[in-house]
Each structure stands twice: as structure tokens, then as C-alpha cells.
Amino acid sequence: MASFKPTKIQVYPKLGEKVTQDTLYWKNYKAPVQIKEFGAVTSIDFSPVTPHNFAVTAFTRIHIYGPFSQEPVKSFTRFKDTAYCGRFRSDGQLLVAGCEDSVVRLFDVSGKVALRLFKGHTKAVHLTDFTSDRYQILTGSDDYTCRLWDIPNATELTTYTEHTDYIRCGVTSKLNRDLFITGSYDHTVKLFDARVEKSVITMDHGQPVESVLLYPSEGLLVSAGGRHVKVWDLLKGGQPLVSLKNHHKTVTSLALSSNGQRLLSASLDRHVKVYNTTNYKVVHNFDYAASILSLGLAPDDASIVVGMTNSILSIKHRKNQEDSKEIAGQQRRRPSYRVFVKGKNYVPKQDDYLVSKPVKEHLAKYDKQLQRFNVSKALDTALGTYIRFRKPEITVAVIKELDRRGTLKNALAGRDERGLSQLLNFIIGNLVDARFTPVLVTAAEMILDIYQSVIGQSPVVDRQLLRLQDLVKREIEFQKDLLEVLGMLDTMFASSLPRKESASASAPTVDPFPTCSLNTDS
Amino acid sequence: MVEHGDIRVVHCGGSKINFRDPVITHDSRFLLCASGEAVKVFSTSTEECIHELRGHTGLVTGVLLRPSNHLQVYSSSLDGTLRLWDFTDGILIKVGQRFQLVAVHLPQSGDQMVEAQELSAVLSGVNPNPAAIAFGRGVRTCRHKDNKKGGWNTFTCVACHPKDDCIATGHEDGKIRLWRNFNHKKEYTYSTLHWHHSTVSSLCFTPEGTNLLSGGVESVLVQWRYNQESERDFLPRLGGAITHITVSPDGSLFCTSHSDNKITIIQSCVKVSAVIQGLVKGDSIRTDLMMDPRSKALVLNGKPGHLQFYSLQRDKLLYNLDIVQQEYIHESGLQQFEVVKAAFDASGSWLATVEERHQKAAELELNLKLWAFDEQTQSFVLNTTISAPHDAQITAMCFCQPTDSQTTLLVSTSKDGHFKAWQLAAPAHTEGPSWLCDFVSAYHGLVPECCSFSADGSLLAVVFQEVVTVWSPSTWELLTTLSQPPGAVSDLCFGRLSCSKYLLGTTASNLLCWNLLTCSLEWTTSMDVRRLVADPLSENMAAFCYQSGSTDLFVFKPSEPRPLFSHKAVCSGKVTQAVFAPREEMLESCEESSQWLNRSQLYFLTQQMVNNISTSAEEKQNENVAMTPFYLLLGKHRQQQQEHQDSDSSLWAERTLLQTPAHVLPSTSYLCSMFVQSLLISVSDAREEKAHAEEEMESEKEEEDSEEEMESSRSKPELAAAAATESDTPALTKAQARELRRVRKLDHSWLAGLLDS
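For the record, the sequence lines run as chains B and G.
Under full-length UniProt numbering, the first residue of the first sequence carries the number 1, and numbering increases by one thereafter.
Under full-length UniProt numbering, the first residue of the second sequence carries the number 1, and numbering increases by one thereafter.
Simulated from the structure, these hints should not be mistaken for laboratory data.
Hints are supplied without guarantee of correctness; some may be wrong.
[Stated by the list, open to error] Keeping only pairs whose Cα atoms sit at most 30 angstroms apart, straight-line, the calculated DSS-like set for lysine-lysine is: (1) LYS175(G) - LYS568(G); (2) LYS5(B) - LYS501(G); (3) LYS5(B) - LYS357(B); (4) LYS365(B) - LYS271(G); (5) LYS8(B) - LYS357(B); (6) LYS574(G) - LYS415(G); (7) LYS236(B) - LYS281(B); (8) LYS271(G) - LYS8(B); (9) LYS319(B) - LYS273(B); (10) LYS119(B) - LYS174(B); (11) LYS174(B) - LYS245(B); (12) LYS480(B) - LYS415(G); (13) LYS349(B) - LYS377(B); (14) LYS344(B) - LYS271(G); (15) LYS271(G) - LYS360(B); (16) LYS409(B) - LYS473(B); (17) LYS27(B) - LYS249(B); (18) LYS36(B) - LYS123(B); (19) LYS360(B) - LYS342(B); (20) LYS365(B) - LYS316(B); (21) LYS409(B) - LYS175(G); (22) LYS74(B) - LYS112(B); (23) LYS368(B) - LYS271(G); (24) LYS5(B) - LYS319(B); (25) LYS273(B) - LYS5(B); (26) LYS175(G) - LYS368(B); (27) LYS8(B) - LYS501(G); (28) LYS5(B) - LYS271(G); (29) LYS271(G) - LYS568(G); (30) LYS357(B) - LYS574(G); (31) LYS27(B) - LYS5(B); (32) LYS377(B) - LYS175(G); (33) LYS377(B) - LYS365(B); (34) LYS5(B) - LYS316(G); (35) LYS368(B) - LYS319(B).
Since the model is a prediction, treat every value here as computed from it, not as a measurement.
Go ahead and model the full structure; you've got the sequences and the hints to work with.
Okay, here's the thing in C-alpha cells:
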């Protein structure tokens with residue numbers, strides 16, 4: 001006697017992104033901590049020394065957060081107007097920030113009042129940074145100039161007036177105390193050498209430059225502006241290496257993952273994209289709620305900090321080993337593995353006589369009902385809330401099985417308003433799914449056949465039938481359009497292919513969208 | 001046998017075993033069933049066929065145990081003879097000439113009632129056992145009811161209670177009626193049992209009359225308690241529809257015959273103990289005949305949704321591979337999934353199957369499944385399922401042949417005008433390798449009919465109605481198209497070995513051969529080739545041509561204009577399926593006309609018109625004339641050996657004496673004299689037996705003579721029949737009685753003395 005063969009659930013290929021090492025790595029972050037700031041978060045900078053606090057510049061304040069604190073550990077509020085670009089010195093002791101009122105302020109991280117004020121710019125200063133010898137400050141301003149300042153004397157050393165528009169971003173070399181790079185709204189990125197009077201290399205980005213970034217080796221430079229992210233080879237005199245256009249709005253911020261293997265770009269289109277720096281392909285993508293203005297990545301990728309226009313600061317911390325252990329500890333409340341294998345892993349001794357016990361086969365509830373030919377009940381089970389929403393393929397498989405048994409009509413018939421509307425809801429929700437269409441079209445036709453005599457009695461069902469009709473009409477229109485497009489493409493392919501005398505074989509055409517037809521005569 | 005003395009068509013098995021209800025012997029150890037022209041004796045415990053009682057020249061129509069000697073069995077056949085067999089040894093004891101009527105001694109359909117009644121009267125005369133009488137009475141009932149109730153409820157089967165005055169009838173609407181007090185005319189009452197949803201096809205009471213068994217299309221055996229009809233036991237999912245139910249005389253075993261050529265043996269506690277499965281012949285053979293390259297088994301579709309692997313050497317079904325993997329619903333008018341195409345790759349490690357279900361004109365459900373051979377379980381495991389591989393039915397499918405190539409390639413052609421190439425893709429991270437579509441192509445919107453790979457796998461030929469296209473599988477370029485005289489090409493195959501430059505095709509009226517080097521037609525002959533088969537091990541090809549009601553066979557090499565072998569009228573009717581099966585041992589025949597059979601054998605399926613046996617597998621076999629006397633010699637030698645063994649077995653007394661532990665035996669001095677005496681007896685006995693053997697041979701001769709006599713007296717069958725029944729018992733018992741007497745004497749002479757003391 002053969003055992004009952006359970007209903008076969010079709011396994012459909014999983015749609016969506018493929019699981020790669022990168023997705024695993026970048027998904028391994030906890031749920032974000034969100035902190036409301038006083039205004040749009042324009043800059044995030046991590047302290048180079050442990051414990052890697054980070055300075056968040058938002059509106060007229062700079063907050064310094066600890067690595068795990070929800071509250072700022074320190075605040076600098078002595079700004080007369082909007083602050084810009086709070087940056088740490090390489091020893092983590094000093095912090096510099098520009099301001100809308102054109103004054104550059106230097107703070108001691110442990111203190112409260114500005115140690116130095118650098119006055120000289122005539123417009124808002126959006127760029128501030130320390131040079132690698134720690135004694136000088138680079139600033140860039142909306143007055144088209146960038147300047148170098150001496151910290152001890154608080155005096156201006158040099159002024160460069162080569163840019164012809166606002167300077168909004170820049171970076172100093174970590175290896176050479178004299179080199180620094182600025183990006184401007186005049187579409188250029190310029191490399192300056194403090195030992196000479198003018199820029200050494202000029203690179204044309206093509207759009208207003210919003211952010212620049214140097215690789216740790218400082219051989220490559222990344223600039224972001226407009227929708228483009230461009231990589232330049234400095235050692236070849238500023239030759240463009242690659243141009244990436246993966247965002248559909250202006251890219252505002254760039255960051256490098258700590259090992260230099262991945263590049264992150266944040267954009268006003270609310271995405272953060274992760275690129276592989278060997279082939280510059282997007283390997284991962286983060287979604288955020290609002291347009292992103294600033295992005296910071298903690299050393300060792302321990303956390304991703306993102307500042308948005310809606311003045312929300314989002315901090316994602318990396319899951320560490322201890323956390324996962326904690327979770328495992330919580331799960332261990334369930335019966336242990338030992339309970340389940342109890343007695344099953346017993347190895348019989350030599351003289352033992354084995355009495356085989358029939359293996360009890362587990363059948364799903366709908367299978368048990370199908371085995372007893374309770375077709376309506378089986379369909380009800382398959383239409384249960386969990387299955388219907390989470391695993392529609394099971395519902396569809398049961399409907400298909402009923403159809404194969406020739407009892408689908410019996411199972412569909414005899415339903416009250418609630419049952420019918422539930423069924424119709426499921427059909428409306430899944431009818432246009434190409435995987436389920438053939439089965440559900442049959443079921444929908446049967447429903448119309450069965451219940452056409454009671455149409456007009458229930459407003460709920462009538463509304464759903466109209467929705468179904470609408471849906472089918474729209475779908476047919478879509479399919480027609482798609483077929484037209486396909487035909488056009490075929491013509492184009494055929495004309496573009498080199499015509500050989502034997503190439504009478506048409507180009508491979510596969511119709512991925514089976515046309516659906518349904519009589520909605522309701 | 002006819003034109004060629006050395007090559008003949010041999011029926012090689014696959015006959016029906018569910019034609020008539022089987023018989024279980026008294027000791028429940030054997031099961032006898034009619035199978036084609038023979039009676040097969042199966043063991044009920046091991047499912048093995050122990051003997052095949054051959055001798056009838058027509059279809060065996062009935063098997064019945066001899067009531068007076070339960071070690072013997074009667075069989076009736078369409079050839080007009082009744083034969084008596086000893087089934088434990090498989091020996092023919094007696095041939096009786098009777099009417100052909102015996103052949104139809106069990107028809108139970110309503111329109112044959114009258115005829116059946118006459119017949120059963122004859123039967124009850126032959127063996128007055130209660131079953132036959134009951135059957136006669138049952139027929140009378142049927143006639144009664146036919147008169148009374150008219151045609152609104154047709155009877156399908158009837159059974160009589162062995163003790164009570166009760167008759168059970170099965171009806172077409174699934175009801176069972178129990179009629180009581182039937183002997184009192186016009187006073188009978190009846191009760192109705194209803195469980196079956198469609199026709200009850202068989203009913204049977206257990207010997208004690210405590211249970212009633214019924215079965216029908218649902219393939220559920222229902223056991224009703226007599227007088228407690230609300231209590232029932234079920235045994236579901238037995239396989240095909242139940243056609244017969246029989247119970248062993250002691251009631252310990254039930255056995256059901258199924259429409260899928262299967263006999264299930266069920267213990268009385270309603271548990272399946274054994275399954276005897278024959279070659280399943282469904283409504284039609286949709287898949288081609290194939291050889292499994294590993295097991296050398298014949299593969300074709302069998303039960304619905306299954307692929308069967310049938311060993312031709314042992315005439316036994318090896319196993320059924322469940323392709324569809326769905327619960328089969330026994331209901332008429334339901335469209336089920338059917339296996340329509342299957343293909344093996346050259347090494348037998350991959351199997352591709354296509355199943356389809358055609359419900360309405362618009363809907364076609366197609367699944368292409370690829371199965372990998374699992375070395376551990378020695379069976380095929382599902383690797384990939386491709387649902388809807390094509391938009392329309394798949395017309396042909398073939399694997400790339402070469403065994404050494406790294407990538408396996410499958411090509412399928414479909415009525416949607418495309419052909420697709422499927423390739424084993426590299427393994428993904430988590431799962432093993434699976435099959436993906438590699439290439440899709442079409443040719444002028446024509447429908448591809450069949451496809452074939454060349455022997456080395458470098459060329460693929462696809463037939464698009466009248467045009468043969470040749471493709472290169474490595475680059476998927478169309479290399480050339482071959483033209484030909486009008487008519488769609490229906491069959492296509494490449495030549496092999498030295499003839500690999502030839503491509504052969506058949507149309508409705510022509511056999512065509514192209515030379516692939518010149519891309520031109522090499523030769524063509526006008527014949528209606530129904531089937532073209534290539535031998536995988538040689539250059540030979542076999543063509544089956546249909547001509548005026550019968551099929552001719554031609555075996556030829558593509559390079560030679562003259563056929564190697566031709567055989568007119570191999571069988572009547574059309575041959576649609578044939579296959580070359582490689583031999584296990586190569587034959588060394590030097591005769592030119594039979595050399596083509598040295599490496600492989602040719603099997604083909606016929607569609608017989610007569611009777612309702614739809615198909616029968618037959619074998620072309622090489623048989624040497626000189627073999628026959630040698631075989632006889634060998635046979636005699638074997639017989640003598642057997643006799644030796646028999647005489648050995650008569651020495652069992654000594655053996656038991658020597659094998660019994662010494663401490664349980666009487667003292668040696670006590671035993672000695674008797675032991676010596678027994679030795680003396682056995683020696684004389686052996687001599688006696690030799691004499692017996694001679695006598696037996698003589699009596700056999702006599703029997704043969706009497707057979708001849710009977711054949712000569714065929715003009716008066718009744719007389720001969722009477723003579724047969726008379727001479728039946730003495731002819732049998734003479735030899736046996738003597739043997740029995742001897743055994744008795746031998747066994748007990750000294751043991752009895754032992755007991756007396």
C-alpha cells in the first residue's frame with residue numbers, strides 16, 4: 001500500500017537580490033538608533049583616537065557623541081549662526097568648525113569656549129580641516145577663497161583665489177603636510193601645494209562638487225557632485241579613472257570602509273550605496289527615510305552614522321559576537337536538541353533484536369483533509385490568514401490540486417459572504433502574479449460561474465468583483481503594451497544582427513509574461 | 001521459424017496476469033494465475049515466479065485447483081484443451097480435449113448470463129466443489145433480477161455465502177445487495193450496503209463466511225463484517241482498479257488483481273504482504289521504448305504517472321519510478337498527468353521526463369523533469385523541475401550522446417515551433433548543479449518534429465516538417481539544411497561507427513539517406529517505414545515497414561545498398577515501438593544473415609488486433625539449429641542428476657542419524673542392526689527407482705501417444721473429453737501411488753521398530 005502523497009508545493013525561484021558576502025556583511029547591523037537634532041545634519045566626523053567619538057554638526061551646534069551613547073557627551077553651542085564642518089585633529093584633542101558668519105572657531109574637545117577665532121573670510125565657511133603636521137588649518141569659503149591658517153598665532157598664512165565659485169568641500173593629505181584638495185561649485189577639484197602659490201592639478205568634475213575623498217594611499221581621489229561619483233588617479237596627474245552614476249539625485253557625501261575595499265556614497269535620493277573598489281560595482285544598498293546630507297563610518301565599520309535633511313541622525317551599530325550570543329541564549333529556552341533525538345540515536349548492540357516501528361508521516365492539515373476528500377475544508381485551511389499572506393504558493397498549490405482532482409467547483413461553492421470575499425481578496429491580490437495566474441484564472445472563472453446568480457445581493461462581493469474586473473482589464477492592457485514593446489525589440493534586434501544567408505533563425509524570443517484572459521461578464 | 005531457420009520471433013514476456021482471477025493453493029504458499037499462453041506459479045511470500053506451466057497454444061482462460069488432489073491444477077485455454085498440471089514440480093500430467101466453451105467459464109457481464117449458465121453446469125459436472133455450484137446459483141439469481149428490475153441497475157458481480165442462504169451482488173452504481181432466503185422462491189429479502197462510489201467490480205466471501213470483501217475502481221479493498229455491516233475495514237491506495245478478489249481456501253490470504261497488471265497479496269489482518277507486478281500496459285505507450293543503460297532494463301510508461309523499468313531477462317518488473325509524485329485519483333473522466341516523453345543519456349546517469357496534463361484546449365500543463373542517478377540508493381533522484389518548458393506539447397527530446405564530454409546537453413522540440421537546449425549549469429553556492437535553458441531557436445515558424453544528435457555529439461539534426469536542419473551544438477550555428485522530396489520527415493537517426501557520415505530519415509513513403517560530407521541525398525528507397533531504429537553498438541539499422549496489414553522488418557547498413565536481413569510479415573498489425581538491447585555476452589555467429597544479432601537483440605512492441613490484449617513484447621532471438629540436440633542432451637543429463645538427488649534424499653534416515661546429537665540417541669549397539677538393515681533397503685530401493693524411471697518414461701510415451709490419438713479424434717470432441725475425464729485419475733495415480741507406497745515402506749520400516757521398542 002502506497003502512502004498518501006502530499007500536495008506538491010511548487011518552489012518558485014526567489015526574486016530580489018542575491019545573497020552575497022557583501023549583503024551578509026552590510027546587513028549585519030542592528031536596528032538604527034535615531035536622534036533628533038536641531039536642524040539638518042551637515043557634517044559627521046569621527047575622532048581618529050579611541051573611543052572614536054564623533055562630532056555631528058547640525059544647525060548652530062556641534063554635538064559629540066560617544067560610540068554607544070544616545071545622548072551627546074559634549075556640545076559646542078557658541079555659534080552665532082549655522083555651524084559647518086566640525087572636524088577633529090589627528091590626535092583627537094582639537095576640533096575646528098566653520099560658520100555661516102565667516103568666523104572659523106577652534107575648540108579644545110575637553111573645553112567649552114573657542115580657543116582661537118580665525119577671522120578673514122567674508123562669507124560662510126563650509127570647509128575646515130587640519131593639515132597633517134597639526135599646526136595649520138585649511139578653510140574654504142563661499143567667498144571663492146581657500147586659506148591656510150597658523151594655529152598658534154591665529155594668523156592667515158596663504159590665500160588661494162583660484163576657484164570661481166563656492167568652495168564646499170576639501171580634504172588635506174594625511175601623508176604630506178603641504179598638500180590639500182578642494183572641491184568647488186565651479187565644477188573643479190583642485191590639488192594645492194602649500195609650497196607653491198597656485199594649484200598643482202585641476203580636475204573637471206562636470207558638476208558642482210559636493211564632496212571629495214582621498215584613499216588611504218592617496219594615489220586615488222574620489223569626488224562627488226551632481227549624480228556622479230568620479231574616481232581620479234592623482235599619480236597620473238589627475239586622470240579620470242571611472243565615473244559612477246548610480247544615484248538619481250545629487251550625491252552629497254562619501255566615505256571609505258575602514259579597509260579601503262568598499263566605497264560608500266550617500267545621496268539626496270535617500271540611498272547609501274556601497275561600491276566594490278576593485279570593479280566599482282554596487283554591492284549593497286541602504287535605504288533611509290529622508291534625503292541624506294552627511295555620512296560617517298566608524299573605524300572597523302563598527303557603526304554607520306547618517307545625517308538627514310529632516311534633522312534626524314541615524315546610527316547603526318554593528319552586531320558583535322556577544323550580541324549574537326545573547327540572542328542565542330534567549331532562544332535556548334526552547335526544548336533542547338537532546339529532547340528531540342532522545343532514543344533515536346541509540347545504537348543497537350550486537351544481540352539486540354530490532355523491532356522496526358512504522359515511521360509516522362507528517363501531513364499538513366490541508367493534506368489530511370484532502371486525504372479524507374474534505375475539499376471545502378482543505379481550501380478553507382489553505383486560505384487561513386498565515387498561509388494566505390505569507391505563503392500564497394501553498395494556497396495556489398491546494399487550488400491547483402483541487403482542480404486536478406476535479407473537485408475545485410465543489411470546494412468553491414457554498415460559501416457565505418465572508419468566505420467569498422476572503423477568497424476574492426486572495427484572487428485579486430495574486431491574480432496578476434505571473435506564477436499564479438493560470439491557476440487563479442481558472443478559479444476566478446469558476447467563482448463567476450457559481451455565484452453569478454447571487455450577484456447584487458451583497459455590496460461587499462459586488463465591489464470586489466468590480467475590482468477584479470478592473471484589475472483584469474488593466475492587466476490585459478499591460479500585456480498588450482508589453483507585447484508591442486517586445487515586437488519592437490524583435491524588429492530592432494533583427495535589423496541590427498548581421499544578416500547571414502543561413503541566419504534565418506530568428507532571435508531567441510521568450511515571452512516571459514503569459515497572457516492572461518478572463519471573462520469578466522459580471 | 002518460417003523463412004529463416006535460425007532467426008525467429010519469440011514472445012518474451014509481459015503478458016497479462018490479471019486476465020482471470022488467480023488461485024491460491026490450499027497451503028497458501030503458491031498463487032497460480034493465467035498469463036498469456038502459460039500458467040504462472042508464484043510464491044506468495046517471495047513474489048518470485050517459481051514455475052511457468054507452458055503447453056497451451058492459445059490464451060489460458062481459467063485456472064482451477066483440482067478438488068480431489070490439491071497439488072494439481074486444471075487450466076483451460078482458447079486452444080480448446082484442458083490441461084492438468086502438477087504445479088509444485090511444474091509437470092504436465094494430463095491433456096484433455098474439451099469444447100472451446102471452457103475458455104469462457106467466467107464471464108460475468110449481464111449480456112452473457114445465459115451462456116454462462118450453460119457453461120457452469122458443465123463445470124459443476126467436472127468438479128463438484130461448492131464454489132462452482134454457488135456460481136451456478138448466482139447466475140440463476142441474476143436472471144431472476146434481470147426479469148424483475150429491468151435494466152435500471154446492472155449487476156457486475158455476484159458471490160455466494162459459503163454456509164448461509166445468502167447471495168451478495170455488486171452493482172454498477174456502487175451498491176452491494178445481500179439477498180437472503182433465496183431458495184424460497186418469491187420470499188427473498190435483501191439489504192443494501194453502500195460505500196463504493198462507482199462500479200463494484202468484484203465480491204468475495206471468506207471461506208468461513210464471516211467477512212465479505214469488495215473492490216472497485218477506487219482501488220480500495222473493503223472488508224465488511226457479515227451481519228455487522230456497519231463495521232468495515234479499508235485498505236486504500238492499492239494501485240490500479242481492482243478487477244478480481246480471491247481468498248485462499250484457509251482464509252489466511254486475500255489476493256486482489258488490479259487493472260495495472262498487478263496482483264496484491266494481502267494478509268487477513270488487512271496488511272499488504274506481497275506485490276506481484278507484471279509489465280504494465282496502459283492505454284497507450286506514449287514514451288518510446290528505451291533501454292536503461294545501467295540496468296539494461298526496458299523502460300516505458302506504465303501506471304499513470306510512473307515510468308516502469310522492466311527486466312527482459314527475468315520477465316519481471318524491476319521498479320516503478322514515480323514521475324508525477326502526486327496522489328492518483330481513481331475517478332473516470334478526470335484528466336491526470338501522464339508521462340509522455342522520456343530520455344536517457346548515454347551513461348544512464350541522467351533521465352529526462354516530460355509529463356503533461358491536457359485539461360482544456362487552452363490549458364496545457366507541462367513539466368520537464370531531470371533526474372540524476374544516485375549511486376547510493378541506486379535509483380533516480382529528482383534534480384530539476386522545469387514547469388512550462390515550452391508553450392505547446394513536446395514532440396521529441398534527446399540527450400547529447402558522447403560519454404566523455406564534460407557538459408551534458410538536452411534538446412527538446414515542441415509544437416510551439418521552437419527547440420530548446422538545456423544544459424547542466426554550474427553549481428550555485430548552496431545547491432548542486434541544476435539545468436538551465438541554454439539556447440532557443442526556431443526555423444521559419446515551422447514545427448520541429450524530431451531531433452537527433454550524431455554519435456560524437458558534434459552535430460544536431462532537427463526536423464522542421466519537410467526540412468532537416470543541421471546545427472552545431474558548440475556554437476549553435478545553423479550549418480546546413482537538407483532538402484528532400486516532398487513529405488514530412490517523421491523519424492531521423494544518424495549512422496554510427498563507420499557509417500557516421502550518413503543521416504537517415506523516413507517520410508510517409510520513403511526511406512532517405514543523406515551524406516553529410518556532400519550534404520546531398522545518397523540514396524532513397526520507397527517504403528512505408530513506421531519505425532527506424534539504430535543499433536548503438538554497430539552500424540546496423542532496423543526499419544519496420546507496414547505493408548498490407550502486416551509489418552516487415554529490414555536490417556541494413558546505411559553504406560550498403562543491400563539489406564543484411566529481411567523478414568516479411570514479422571507480425572500482423574503495426575509496430576510502433578522498437579529498441580535494440582545490447583547483449584550481455586556477445587554471440588559468435590558466423591552466418592551472414594544472423595551476424596547483426598551478435599551484439600544486441602531487437603525488441604519490439606506489437607499492437608495485436610485479436611483479443612483485447614493490446615500489446616505484447618516479443619523478442620527476436622538468434623537460435624542455432626545445432627543447439628537443439630545438444631540442449632536435449634543437456635536436459636537428459638540434468639534429469640539424471642536430479643534423480644541422483646532424489647535417491648540421495650531417500651537416504652535421509654542415515655543422515656538424520658548421523659546429524660542428531662549423540663546424547664539423545666539410543667545406544668549404538670541397539671541401533672546398529674536396524675541401521676544396517678536400513679542401508680540394505682535403500683540400496684535395493686535405488687535399483688527399484690531406476691526401474692521406475694524407465695517405467696515413467698514409457699508411460700510418458702504412452703501419454704504422448706494418447707495425445708496424438710486425441711488430436712486425431714478432434715472431430716469428436718465430446719467423446720474425447722469424456723475419455724479424458726475417465727482416464728484422468730488412474731494415469732496420474734499409478735506412478736504416484738507406487739512412489740508413495742515405496743516411501744512409506746522405506747521410512748517407517750526401521751523407525752516403526754524403534755518406536756515399538
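Mind checking the alpha carbons of LYS8(B) and LYS501(G) for me, to see if they're no more than 30 angstroms apart? Violated - the C-alpha atoms of LYS501(G) and LYS8(B) are around 47 angstroms apart, more than 30 angstroms.
Does LYS281(B) sit within 30 angstroms of LYS236(B), going by the straight-line distance between their CA atoms? Given that 30 angstroms is the threshold and the Cα spacing comes to 23 angstroms, the pair holds.
Is the hinted pair LYS36(B) and LYS123(B) satisfied, with a Cα-Cα distance of at most 30 angstroms? holds, 28 angstroms
LYS174(B) paired with LYS245(B) [C-alpha distance capped at 30 angstroms]: Holds, at about 28 angstroms.
For a C-alpha distance cap of 30 angstroms, please report whether LYS5(B) and LYS271(G) respect it. holds, 19 angstroms
Checking one constraint from the list: CA of LYS574(G) to CA of LYS415(G), max 30 angstroms. Satisfied? holds, 25 angstroms
Hint check: LYS271(G) vs LYS360(B), CA-CA at most 30 angstroms. Holds or violated? holds, 17 angstroms
Pair hint LYS271(G) and LYS8(B), alpha-carbon separation not exceeding 30 angstroms: holds, 27 angstroms
Agreement of LYS480(B) and LYS415(G) with the hint, judged by alpha carbon distance not exceeding 30 angstroms: The given pair, whose Cα atoms are some 24 angstroms apart, holds under the 30 angstroms limit.
With the threshold set at 30 angstroms, check whether the alpha-carbon distance from LYS27(B) to LYS5(B) stays at or below it. Cα-Cα ~39 angstroms, so violated.
Regarding the pair LYS360(B) and LYS342(B), is the alpha-carbon distance no greater than 30 angstroms? holds, 16 angstroms
For the pair we were handed, LYS365(B) and LYS271(G), check the Cα-Cα distance against 30 angstroms. holds, 26 angstroms
When the structure is compared with the earlier hints, violations turn up for hints 1, 2, 13, 20, 24, 25, 27, 29, 30, 31 and 35 and for no others.
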